[in-house]
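Novice: What follows is each chain in one-letter form.
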Amino acid sequence: MKSTEEIFALLKEKFGDAVLELNTKLPKEAVIEVAPLKVTDICWFLRDNEELLFDNLILLTGLDDDNGEKVKLEDGTTETKGGTLSVVYHLESMKLGHKIVLRAATGRDNPEIESVSKVWACADWQEREAYDMVGIVFLNHPDLRRILMPYDWEAGYPLRKDYMNPEFYHGMKVPY
Amino acid sequence: MGLLDKEFNDDNIVISNVDDLLNWARLSSLWQMSFGLACCAIEMMATSASHYDFDRFGVIPRPSPRQADIIIISGTVTLKMATRIKRLYEQMPDPKYIISMGSCSNSGGPYWEHGYHVLKGVDRVIPVDVYVPGCPPRPEALLEGLLTLQEKIRNESLVKKTA
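Protein chains in written order, with my numbering: chain A, 70 to 245; chain B, 11 to 173.
These are calculated hints, taken from the structure and not from any lab test. There could be a bad hint or two in this list.
Said to hold, decoys possible - The list that follows gives simulated cross-link-like pairs (lysine-lysine, DSS-like), each with its CA atoms no further than 27 Å apart:
{"hint": "1", "chain 1": "A", "residue 1": "K164", "chain 2": "A", "residue 2": "K71"}
{"hint": "2", "chain 1": "A", "residue 1": "K242", "chain 2": "B", "residue 2": "K106"}
{"hint": "3", "chain 1": "A", "residue 1": "K242", "chain 2": "A", "residue 2": "K94"}
{"hint": "4", "chain 1": "B", "residue 1": "K90", "chain 2": "A", "residue 2": "K242"}
{"hint": "5", "chain 1": "A", "residue 1": "K94", "chain 2": "A", "residue 2": "K107"}
{"hint": "6", "chain 1": "A", "residue 1": "K141", "chain 2": "A", "residue 2": "K242"}
{"hint": "7", "chain 1": "A", "residue 1": "K230", "chain 2": "B", "residue 2": "K90"}
{"hint": "8", "chain 1": "A", "residue 1": "K168", "chain 2": "A", "residue 2": "K150"}
{"hint": "9", "chain 1": "B", "residue 1": "K90", "chain 2": "B", "residue 2": "K106"}
{"hint": "10", "chain 1": "A", "residue 1": "K168", "chain 2": "A", "residue 2": "K141"}
{"hint": "11", "chain 1": "A", "residue 1": "K168", "chain 2": "A", "residue 2": "K107"}
{"hint": "12", "chain 1": "A", "residue 1": "K107", "chain 2": "B", "residue 2": "K106"}
With the sequences and hints as input, model every part of the structure.
Specialist: Next up, the structure:
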């Protein structure tokens, strides 16, 4: 059983710059920040290293960090420019009994991040949901389609902070 | 001896008019489409089960829209589901009736403002006959809704358009 600090030190030694920092500012668990395009390698290491053995992806979350610049458009709505979208991974080792939280932040303008669905199969649908709701593109995902919203939903990604609902969908009025 | 006199003398003949006879037959065997959407569907199933016994009003679940007379919209209608509901409704043979069950299908319910995915009332896609309020409605409320629908059917006419 290892603490988050020990795991962070192990990762830092193995991956260097791809592991950015240990964020302890949050009220609960410390979060290990990693580079979005190195996630797969890091997760394979976390799963297969004999001292770590993270065999369980508890959950995967897509997140709009809402830290971009807010631009007021002509029609009165606001749009966010720049800033980041994040993916948060909660991992657990059932063999060794330790847990960590990983987080990878990617640019809002081109939100790409590596898929971990090959590492933990249960990530498949959770990544599809993160794509559906926040619009994060998972590279090398086997089947990156919307999972909850209709396939032909063109109004954007509903859980982004600057999302605006459309007036009509297939001739049906959407607002109350 | 005329027919009207016979009514009082012969046990096997009942005099009626076509409207009443058809309406009585129609309202006494409202076959329901097996279709549930959310938590209201649990209440609808409870209404079908032995304790409340929908069957005593002639309501039998049918697994196909082609054999159904009523569809109970029991739950949250998402925009994705709304297109399917419209198609199912169009597949049902006439005459067909709709009960909208619960706040979600009546008006969007708790999703009325921030539900980006919810249709704010199923009556935006199909014509509803009876609205049953509640979140979810108790089985008694659904039974009341059904009796209201039966009363509506009882007053239908072949020559007069009602709905």
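Novice: None of the hints should be skipped; say for each whether it holds.
Specialist: Hint check:
1. Simply put, A/K164 and A/K71 have alpha-carbon atoms about 12 Å apart, close enough for the 27 Å limit, and the pair holds.
2. Restraint check for A/K242 and B/K106: satisfied, since their Cα atoms lie roughly 24 Å apart, inside the 27 Å limit.
3. Of the pairs offered as hints, the one joining A/K242 and A/K94 is violated, with about 44 Å between alpha carbons and a cut-off of 27 Å exceeded.
4. Between B/K90 and A/K242 the alpha-carbon distance is near 13 Å, which keeps this suggested pair within the 27 Å criterion.
5. Pair hint A/K94 plus A/K107 holds up; C-alpha atoms about 23 Å apart against a cutoff of 27 Å.
6. In summary, the hint linking A/K141 to A/K242 is supported, as the alpha carbons are separated by about 26 Å, within the 27 Å threshold.
7. Distance hint between A/K230 and B/K90 is fulfilled; the C-alpha atoms sit about 22 Å from each other, no more than 27 Å.
8. Straight-line distance between C-alpha atoms of A/K168 and A/K150 comes to about 34 Å, which puts the hinted pair past the 27 Å bound.
9. At most 27 Å may separate the alpha-carbon atoms for a hinted pair to count; B/K90 and B/K106 meet this at roughly 23 Å.
10. Among the hinted pairs, A/K168 with A/K141 is inconsistent with the structure: their alpha-carbon atoms are about 42 Å apart, more than 27 Å.
11. Distance restraint check for A/K168 and A/K107: the Cα-Cα separation of roughly 20 Å lies within the 27 Å cut-off, and the hinted pair is therefore satisfied.
12. Taken as a hint, the A/K107 and B/K106 pair is broken in the structure, with Cα atoms around 58 Å apart against an allowance of 27 Å.
Checked against the numbered hints given earlier, the structure breaks hints 3, 8, 10 and 12 and satisfies all the rest.
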